[in-house]
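Model the full assembly from the supplied sequences, consistent with the hints where possible.
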Amino acid sequence: MMKIAVIASMVAGVAAFAPAQVSKTSVATNMAFEDELGAQAPLGFFDPLGLVADGDQEKFDRLRYVEIKHGRVCQLAFLGQIVTRAGVHLPGDIDYSGHSFESYPNGWAAISGPDAISGAGVAQIVAFIGFLELGVMKDITGGDFVGDFRNDAIDFGWDNFDEETKLQKRAVELNNGRAAQLGILGLMMHEQVGGTFPIIGAM
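Going by the working numbering, the letters in the sequence shown line up with residues 311 to 513, in that order.
It should be emphasised that the hints constitute simulated quantities derived from the structure, not laboratory data.
Fair warning: there could be bad hints in the mix.
[To be verified] Ranges between beta-carbon positions, derived for each pair:
#, residue 1, residue 2, range
1, Pro352, Arg372, 23 to 29 angstroms
2, Gly423, Ala342, 43 to 49 angstroms
3, Arg460, Glu501, 33 to 39 angstroms
4, Asp469, Ile392, 29 to 35 angstroms
5, Pro415, Asp357, 37 to 43 angstroms
6, Leu495, Gly440, 18 to 24 angstroms
7, Phe356, Gly408, 48 to 54 angstroms
8, Phe356, Lys379, 16 to 22 angstroms
9, Gly445, Thr475, 27 to 33 angstroms
10, Gly440, Phe356, 29 to 35 angstroms
11, Phe411, Glu483, 26 to 32 angstroms
12, Asp345, Gly390, 31 to 37 angstroms
13, Ile450, Leu386, 17 to 23 angstroms
[Unchecked claim] Result set (DSBU-like, lysine-lysine): computed pairs, CA atoms no more than 30 angstroms apart in a straight line:
#, residue 1, residue 2
14, Lys379, Lys476
15, Lys448, Lys379
16, Lys479, Lys369
17, Lys448, Lys369
18, Lys379, Lys479
19, Lys379, Lys369
20, Lys448, Lys479
21, Lys448, Lys476
22, Lys476, Lys369
For glycine and all other residues, C-beta sits at the position ideal for the given N, C-alpha and C.
Written out as structure tokens, the structure is:
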């Protein structure tokens with residue numbers, strides 16, 4: 311059985327160096343997005359699963375919308391991890407029983423574990439997130455670009471920037487969101503294995 315496994319792995323290794331057949335159609339469709347925001351050095355346009363290999367602009371916009379929203383949520387989550395682990399918590403009590411915000415553990419342990427908040431508290435958090443998803447974090451009035459949630463209400467001087475500055479700031483947000491998605495995933499995994507890290511401290 312071991313010999314068969316070794317032979318199979320050798321065949322797979324040889325096949326990895328065989329020249330790949332790349333169709334002209336797939337190359338042409340991938341080039342449709344190579345100049346999109348986020349296609350930056352050193353990877354350029356990166357779509358290893360071929361999710362937009364058909365060149366569908368609507369599908370690309372939908373995936374970009376989801377990427378931006380997840381990036382924003384993860385930036386808040388990562389910041390929340392750092393702030394609470396530094397000992398900064400909301401003042402006062404989280405419920406009428408007198409439990410303070412700082413009396414609960416940080417990170418994932420706050421919603422799952424022996425010292426977690428109650429099921430009713432988790433339900434309120436989920437309901438609030440649902441409200442934000444359905445009524446706030448969405449493009450209602452038709453923004454200038456995918457992920458523009460200003461809805462003619464919040465601006466912070468955006469319209470005063472030139473086009474180059476706008477693209478630069480959007481690229482920064484996109485990259486920070488990508489980094490935050492990996493960052494919060496890493497923190498959640500390290501919470502399970504334990505350890506001590508700079509700035510964050512003990513997990």
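Query raised in the report: Is Lys479 close enough to Lys369, meaning Cα to Cα at most 30 angstroms?
Result: holds (23 angstroms)
Query raised in the report: Is Lys448 close enough to Lys369, meaning Cα to Cα at most 30 angstroms?
Result: Measuring from Cα to Cα gives roughly 17 angstroms; hence the hint holds.
**Report entry** Verdict for Asp345, Gly390 (Cβ pair) under range 31 to 37 angstroms
**Finding:** holds (35 angstroms)
**Report entry** Restraint check for Lys379 with Lys479, where alpha carbons must lie at most 30 angstroms apart
**Finding:** Distance of about 16 angstroms is within 30 angstroms: holds.
Report task. State, for the Cβ atoms of Gly423 and Ala342, whether the hinted interval 43 to 49 angstroms holds or is violated. Result -> holds (47 angstroms)
**Report entry** Distance restraint evaluation - Pro352, Arg372, Cβ atoms, bounds 23 to 29 angstroms
**Finding:** holds (26 angstroms)
Query raised in the report: Okay, Phe356 versus Gly408 on CB: inside 48 to 54 angstroms?
Result: holds (51 angstroms)
Report task. Decide if the proposed pair is consistent with the structure: Lys448 and Lys379, CA atoms, cutoff 30 angstroms inclusive. Result -> holds (9 angstroms)
Query raised in the report: Given the hinted pair Lys448 and Lys476, is their alpha-carbon gap at most 30 angstroms?
Result: holds (20 angstroms)
Query raised in the report: Does the Cβ pair Arg460, Glu501 satisfy 33 to 39 angstroms?
Result: holds (35 angstroms)
Requested in this report: With a cut-off of 30 angstroms on the C-alpha distance, tell me whether Lys379 and Lys369 pass.
Outcome: It holds: about 16 angstroms lies between the C-alpha atoms, which stays within 30 angstroms.
Query raised in the report: Does the Cβ-Cβ separation between Ile450 and Leu386 fall within 17 to 23 angstroms?
Result: Once the Cβ atoms are compared, 21 angstroms apart, the range 17 to 23 angstroms for Leu386 and Ile450 holds.
Comparing the model with each earlier hint shows no violations; every hint is respected.
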